[in-house]
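J.: What follows is each chain in one-letter form.
Protein chains: 2
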Amino acid sequence: MPADTEMLIRKLESIGELSDQDREALASLPVQVRHLEADQDVVREGDRPSVCCLLVDGFMHRYKVLPDGKRQILAIHTPGDVPDLQSLFLRHLDHNLAASAPSQAAFIPHEALRALMRQVLTLTELLWRDTLIDAAIFREWIVAMGQRSARSHLAHLLCEVFTRLRAVGMTQDHSCSLPLTQAELGDACGLSTVHVNRTLQALRGDGLIELQSHRLTILDWARLKEVAQFDPAYLHLRQPFVPTRL
Amino acid sequence: MPADTEMLIRKLESIGELSDQDREALASLPVQVRHLEADQDVVREGDRPSVCCLLVDGFMHRYKVLPDGKRQILAIHTPGDVPDLQSLFLRHLDHNLAASAPSQAAFIPHEALRALMRQVLTLTELLWRDTLIDAAIFREWIVAMGQRSARSHLAHLLCEVFTRLRAVGMTQDHSCSLPLTQAELGDACGLSTVHVNRTLQALRGDGLIELQSHRLTILDWARLKEVAQFDPAYLHLRQPFVPTRL
DNA sequence: CGCATCGTTGATGGGGATCAATAGCTGTGG
DNA sequence: CCACAGCTATTGATCCCCATCAACGATGCG
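Going line by line, the protein sequences match chains P and Z. Heads up: the first sequence begins at 1 in this note's numbering, then just goes up one per residue. Heads up: the second sequence begins at 1 in this note's numbering, then just goes up one per residue.
Any given hint could be a false lead.
Heads up, the list lumps identical chains together, so a pair's fine if it works in one copy or across two of them.
Stated by the list, open to error - Dumping the calculated SDA-like pairs for lysine to any residue here, alpha-carbon to alpha-carbon at most 20 Å: (1) K70 x L219; (2) K64 x S152; (3) K70 x A150; (4) K70 x Q229; (5) K70 x D231; (6) K70 x R204; (7) K225 x A112; (8) K70 x T217; (9) K64 x I137; (10) K64 x E226; (11) K70 x E37; (12) K225 x E210; (13) K64 x L26.
I should point out that these hints are in silico values taken from the structure, not numbers from a laboratory.
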């Protein structure tokens, strides 16, 4: 039976090495699994959670809403991620976390994680490392928002999501799930829905991608990567993605 | 005699509590102080440093340069910051770090920091917390880049820098040093130099700020904060800034 | 099958980029 | 002490990417 922590183990192995002891310790974490509807908030700005949320299956995103109602999506999360790991050390949350699509989440008590880290010191380092990679992704998003065109920015986002999904074995061939609406892609990139639509059409028209009914297929990785100026170094993966062909 | 680690202690005290033992351990860190010229790179993308850089006096910024030559500034650093603390756990740097103005930096061997954290476990948590706040600032920048107008974005940046400088006692009354050129402000906000210039003039013209010869004075904190929609919660300071008056 | 959400298309406008040139400031050397 | 060089700040003119407004299909679910 695949433990709920299987994806967490895969994720951590994609960014560092785990000993058998590490894996066992992770696998025996006490978790409580819950199903989440699309658009359901998991935790909100100002909350002081006492558990962390491990995404087991589905998609999540973190976001802020400004006083005038504008929403900015800050991060997109894939299975294996612990989007609110920071809540271990930051008293109150400064943003919201929601399921982007119907998802499975495993909730882990802070106390269990703290105990785990005291017990297995290598995991402290690896989890810290995970939050640092989280930050590296934020930096890359800042670059995208500040310097890239809509076309390049969207291409970059697609490259990133595909690469991260691939690192945890959630891609099939050259396609993956991407259950985000164009409105969500827009709020992630700081673009209007209309412009996201037109830009995606252009990417499709140029034969770079296929994107329909929440499934993304990369038709031309080399050119997509070039449009995006995508360099996966910032993801700090142990084995960077090398396209098999096509 | 003011130790070189004085600013680090102040910074950490602004985001958490230090025991006498913590302070002593920090004060006795072995450091090597170096003077840096304006625009001098400290570490570069791809480097694998074996020391961390503590900014003692001056300003620094982190940045990336795209293949087409565009520069995006990712963060602005003030005294007490350790801009490359992450290099402790991420093998290679994914961006550059440079002095924005003539600065003093204290370099601390990774080994000394690791030993410190093994010895004083509360500092592990506090340093981790520091990197998490670093990430929280990135998130707020993403919001600014995606959703705010140039006017609001620049106002927000000024609020942030002032608030952070104030937290470590580096402000005088309602003014502080801000040795950044308009080109640098532009690269931080994803705006052109020309537009930064005009927008700053508007902020000056509206009586919100004064900004000349690298000194910023806040003339109307309440209105500036409103223009910026600035809420310092994301800085996770122990005692948020309450304006004394004016 | 009706309604809501999502995706698509067209038309118009604006915020900010870009190009180009001038003025001010700072340091440096003769 | 001035002249010059180089950077920084400022101003004006023009353009374009993308936002916004407004409909209209498509899709899926109860």
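J.: Each hint should be assessed against the structure and marked as holding or not.
T.: Against the structure, the hints come out as follows:
no., hint, result
1, K70 x L219, "neither (33 Å within a copy, 28 Å between copies)"
2, K64 x S152, "between (24 Å within a copy, 16 Å between copies)"
3, K70 x A150, "both (18 Å within a copy, 16 Å between copies)"
4, K70 x Q229, "between (28 Å within a copy, 12 Å between copies)"
5, K70 x D231, "between (30 Å within a copy, 16 Å between copies)"
6, K70 x R204, "neither (28 Å within a copy, 27 Å between copies)"
7, K225 x A112, "neither (40 Å within a copy, 40 Å between copies)"
8, K70 x T217, "neither (30 Å within a copy, 30 Å between copies)"
9, K64 x I137, "both (17 Å within a copy, 13 Å between copies)"
10, K64 x E226, "between (30 Å within a copy, 17 Å between copies)"
11, K70 x E37, "neither (22 Å within a copy, 41 Å between copies)"
12, K225 x E210, "within (15 Å within a copy, 44 Å between copies)"
13, K64 x L26, "neither (31 Å within a copy, 36 Å between copies)"
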